[in-house]
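Visitor: What follows is each chain in one-letter form.
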Amino acid sequence: MKAPKFWIILFLLPTLFLFTLIYAIPIITVFVTSFTEWSGFNSPVYIGLTNYANLIQDRTFRIAIRNSILWGLIAAFVHVPFGVAIALILHRKPFGWRFTRSASMLPNLIPPAALALLYTFLFNPGIGLVNEFIRRIGFKDFTVHWFFQPSTAFVAVTSVWVFYAGVIILITMAELSGIPADLREAALIDGASDNQVDRYIHLPLLKNIIGVGILIAVTEVFKMFDYVFMTTGGGPDNQTMSLGLLIYNQATVRYRYGYANTVGVILLLMGLIVFFLVSKAFGMTQTNG
Amino acid sequence: MNSSITRRFINFIDVIVRYGLIIFLLTISLAPFIWVVLSSFKTNREVLTSALSFPSSFSFDAYVNALTRARFPLYFFNSMFVSSLATFFAVLIFGMAAYVLARYQFRGRNIIYALLISSMLISLIPMQQPILMIIRALNLYDTRWALILVYAVKGLPVAIFIMHSFFKTIPKELEEAAYLDGANFLQTYVQVMVPLTVPAMASAGVLIFLNSWNEFLFALLLTKSEETRTLSYALRFFVNMFSYDFPTLFAAVVLTVTPSIIIYVLLQEQIHKSLVGGALKG
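Chain order of the listed sequences is A and B. Quick note, the first sequence lines up with residues 1 to 289 if you use my numbering. Quick note, the second sequence lines up with residues 290 to 571 if you use my numbering.
Keep in mind the hints are simulated off the structure, nothing from the lab. Predicted model, so just to flag it, every value in this text is computed and none were measured. Check before you lean on any hint, since a few could be wrong.
Unchecked claim - Result set (PhoX-like, lysine-lysine): computed pairs, CA atoms no more than 25 Å apart in a straight line:
1) 280/A to 207/A
2) 5/A to 457/B
3) 562/B to 207/A
4) 5/A to 461/B
5) 93/A to 207/A
6) 562/B to 93/A
7) 457/B to 562/B
Claimed, not checked - If you want a taste of the chain A side facing chain B, the calculated C-beta under 7 Å gives, among others:
8) 23
9) 26
10) 103
11) 107
12) 132
13) 249
14) 251
15) 255
16) 257
17) 273
18) 276
Using N, Cα and C, we set each Cβ at its ideal position, and we do this for glycine too.
Okay, chain A solo, but in the shape it has when bound (with noise of 0.2 Å):
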């Protein structure tokens, strides 16, 4: 279609701005001063490769890449299956399924710094939910520091997000909604039950909004932020460090404006490794609007 320059130009130049701004120049910052030494308060000094090889003996960082990389696994194997499961039994319209879908979004709504904090006082030792209803249920001395143990501060972190599936219900039931009807009708009359049609047609037509889900979630707990930030903060002895976290410590309370980089380096890589496996496991093809 003809249209002037003038005003094609024009359209498109804030957003050239605001991506250039917001996106391209932080980026090439993160890259080339991930091979420089720098507080912010002296120039960048390159040194190499050094940062990268700090990197891998820095215990803290080790730390933050094996959570992540175990919530990863936790969000692809637990979290998306059980949303899942839960758009599955759903989408067979049980009574009060639109309210137990409303409900398992609420917790995906609220701003998860508030979700996290929720969870500061349901584990509480003194105070809180959870280790009071296991000594109502017979355990009568049990006390345990939920956030400042080691041993279980990496399950109560997990446990502010794992089960919270609202979004990737809502999208599972909104791909079988887009299932036609006569599948499961036909399926039926061949004497297949309803398990056999979640099983052999529904999940299999499925593929692709899980790979789509999966992608979101653990994409998601890779950056995870605000519920170390509110529970732990990293802690006990940095058992629960995020990247985000790490980079926000070493950039914001440490200024190794360098390092910190070299980190955000690390956690875009690891953004696209999981974009690459996840869509050749599911065999996605890319949506071109």
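Fit chain B to the known structure of chain A by using the hints.
Guide: For chain B alone, kept in the frame of chain A given last:
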């Protein structure tokens, strides 16, 4: 006979598992909220005595305390101001770009589109430090405009994606008719295209608004004073503000999440539609 018993048994297990999962889901989704609301009506002594008891009387003291000691109206205003303007600018600016990218042939179009869309794979979290530096350089540190800028740009991928694919579905004849009637480019966009694009703008807008409302890290990074504090960032200060006064602390959390719940109840259908549309961007 035997197989029918087996089948019944399997059915029985099946029902137990199904309802068990649903009850588990409802419990973990609602119990924390119900518990914190109930506890906010207790006295501090009651909170310390037992987590599983009901409040002996319903006292609103905690809410009065929370409202007098923390500046909720200010935090609420800041959240509203920042989220609304971020949404407005994102939809306005990225809508314009999505329109020309979806509609017009020009050199570099595919590269620009690919570049903008590639930002979907990139989160801003690894870029904390350079973004903080840029905000300081722009003299926006500790202002609401810093958050508006970052939150709007955070919405770039989803806004471009949703609106670009929507513009593609609008028949070109509509614009051609407008041109024949003598409308120029801007008039055609504003008077013909924008009204048609409202559903896509709402879809993208709701997501950007919710993300801005809930955002924490960049509020922590880019603001400092109480004057610029948003509701979700204010959560960070409650524990110190109300330490050892648990009912007030609980009331503060309830007050913080209430707007989100109200927004969800009012806009449920739209929020569901947006989340489904936004998720498919992957």
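Visitor: All hints are to be evaluated individually against the structure, with a verdict given for each.
Guide: Evaluated hints:
The hinted pair formed by residue 280/A and residue 207/A meets the criterion: a straight-line CA distance of about 12 Å does not exceed 25 Å. Distance check on the hinted pair: residue 5/A and residue 457/B sit about 20 Å apart at the alpha-carbon level, within 25 Å; holds. Pair hint residue 562/B plus residue 207/A holds up; C-alpha atoms about 21 Å apart against a cutoff of 25 Å. For the proposed pair residue 5/A and residue 461/B, the alpha carbon gap of about 19 Å is at most 25 Å, so the pair holds.
A C-alpha spacing of about 22 Å is found between residue 93/A and residue 207/A, which places the hinted pair at or below 25 Å, so the restraint holds. As the CA atoms of residue 562/B and residue 93/A are separated by approximately 19 Å, the hinted pair is consistent with the 25 Å bound. Proximity of residue 457/B to residue 562/B is assessed by CA-CA distance (about 19 Å); at most 25 Å being required, the pair is judged to hold. Checking residue 23/A against chain B: minimum C-beta separation of about 5 Å stays under 7 Å; hint holds.
Interface restraint check for residue 26/A: the shortest CB-CB distance to chain B comes to about 4 Å, inside 7 Å, so the restraint holds. The interface hint given for residue 103/A is met, as the beta carbon of that residue sits about 5 Å from the closest beta carbon of chain B, less than 7 Å. About 6 Å separates the beta-carbon of residue 107/A from the nearest beta-carbon of chain B, less than 7 Å, and the hint is met. Annotation: residue 132/A was flagged as interfacial toward chain B, and the flag holds, the nearest CB pair being 4 Å apart, inside 7 Å.
A distance limit of 7 Å between C-beta atoms decides the matter here; for residue 249/A the minimum to chain B is near 11 Å, and the interface restraint is violated. With 7 Å as the threshold, the beta carbon of residue 251/A comes within range of chain B, its nearest partner Cβ sitting at about 4 Å, so the hint holds. For residue 255/A, the interface hint is violated, the least distance from its beta-carbon to any beta-carbon of chain B being 10 Å, above 7 Å. At its closest, the beta carbon of residue 257/A sits 5 Å from a beta carbon of chain B; the interface hint therefore holds under the 7 Å criterion.
A cut of 7 Å between beta carbons decides the hint on residue 273/A: the least distance to chain B is about 11 Å, and the hint is violated. At about 10 Å, the closest approach between the beta carbon of residue 276/A and any beta carbon in chain B exceeds 7 Å, and the interface hint on this residue is violated.
This entry does not satisfy hints 13, 15, 17 and 18, going by the numbered hints stated previously.
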